[in-house]
Amino acid sequence: GAVVSQHPSWVICKSGTSVKIECRSLDFQATTMFWYRQFPKQSLMLMATSNEGSKATYEQGVEKDKFLINHASLTLSTLTVTSAHPEDSSFYICSARAWTGEETQYFGPGTRLLVL
Amino acid sequence: AQSVAQPEDQVNVAEGNPLTVKCTYSVSGNPYLFWYVQYPNRGLQFLLKYITGDNLVKGSYGFEAEFNKSQTSFHLKKPSALVSDSALYFCAVRALNNFNKFYFGSGTKLNVKP
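As given, the protein sequences belong to chains A and B, one line each in that order. Just so you know, we're using our numbering here: the first sequence kicks off at 1 and counts up by one. Just so you know, we're using our numbering here: the second sequence kicks off at 1 and counts up by one.
This is chain A alone, in the form it adopts within the complex:
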């Protein structure tokens, strides 16, 4: 099946710094990627939809100036958490939509962010 990677797999940063997370589709082109956030023992919450070559679409309640998304190519989307605070600590997961005979979303392995 289609493979989606994320980098880094985990990151620890100081409060006030910015962190960039990369999401790549390794063996297919993805015009649309998605960013989710997962709190401990909770489900995934869609944060935004990333569209190649255009602005991301953010879900209600997600600060677009805090969570910057860039989808510069058909295989790469980045999420930058700006001026991170401890409450931003979470597991961030991206997914990409692919056609492999039928349309399905494939998820990356996730990035665990800890803000001290």
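No lab work stands behind these hints, which were simulated from the structure alone. Check before you lean on any hint, since a few could be wrong.
Said to hold, decoys possible - Distance ranges between label pairs, derived from CB positions:
hint : chain 1 : residue 1 : chain 2 : residue 2 : range
1    : B       : Ala-14    : A       : Leu-68    : 42 to 52 Å
2    : B       : Asp-54    : A       : Leu-26    : 25 to 35 Å
3    : B       : Ser-60    : A       : Lys-14    : 34 to 44 Å
4    : B       : Ser-70    : A       : Lys-14    : 47 to 57 Å
5    : A       : Lys-66    : B       : Asn-30    : 30 to 40 Å
Where a beta carbon is used, it is the ideal one built from N, C-alpha and C, also for glycine.
Guided by the hints, dock chain B onto chain A, whose structure is given.
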């Protein structure tokens, strides 16, 4: 609005026994339903989906799910559980007016004991 509910936080089964992970949905219209599995510190892996057709859907790793319209359920099943099936399972429904948007259940932790 669309939503799914997973009433069990945790399911415990013995290896070799059948397993069921429950999911109910609330959708105004025909639902697009999915099951995903998540291993520790990993992203979600697609197991199976129901869009239309046969109510019994077969997926990866021997899993299957039965769509029941009258009970608005989409329970995940496997005839014989393996220890390696131990993971977190998520049911999801895709929004009818936005195919990009998935609504996930709260997840059910499956523990398969030897």
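**OP:** Of all the hints given earlier, name the ones this structure violates by number, lowest first.
**Re:** As far as the earlier hints go, not one is violated by this structure.
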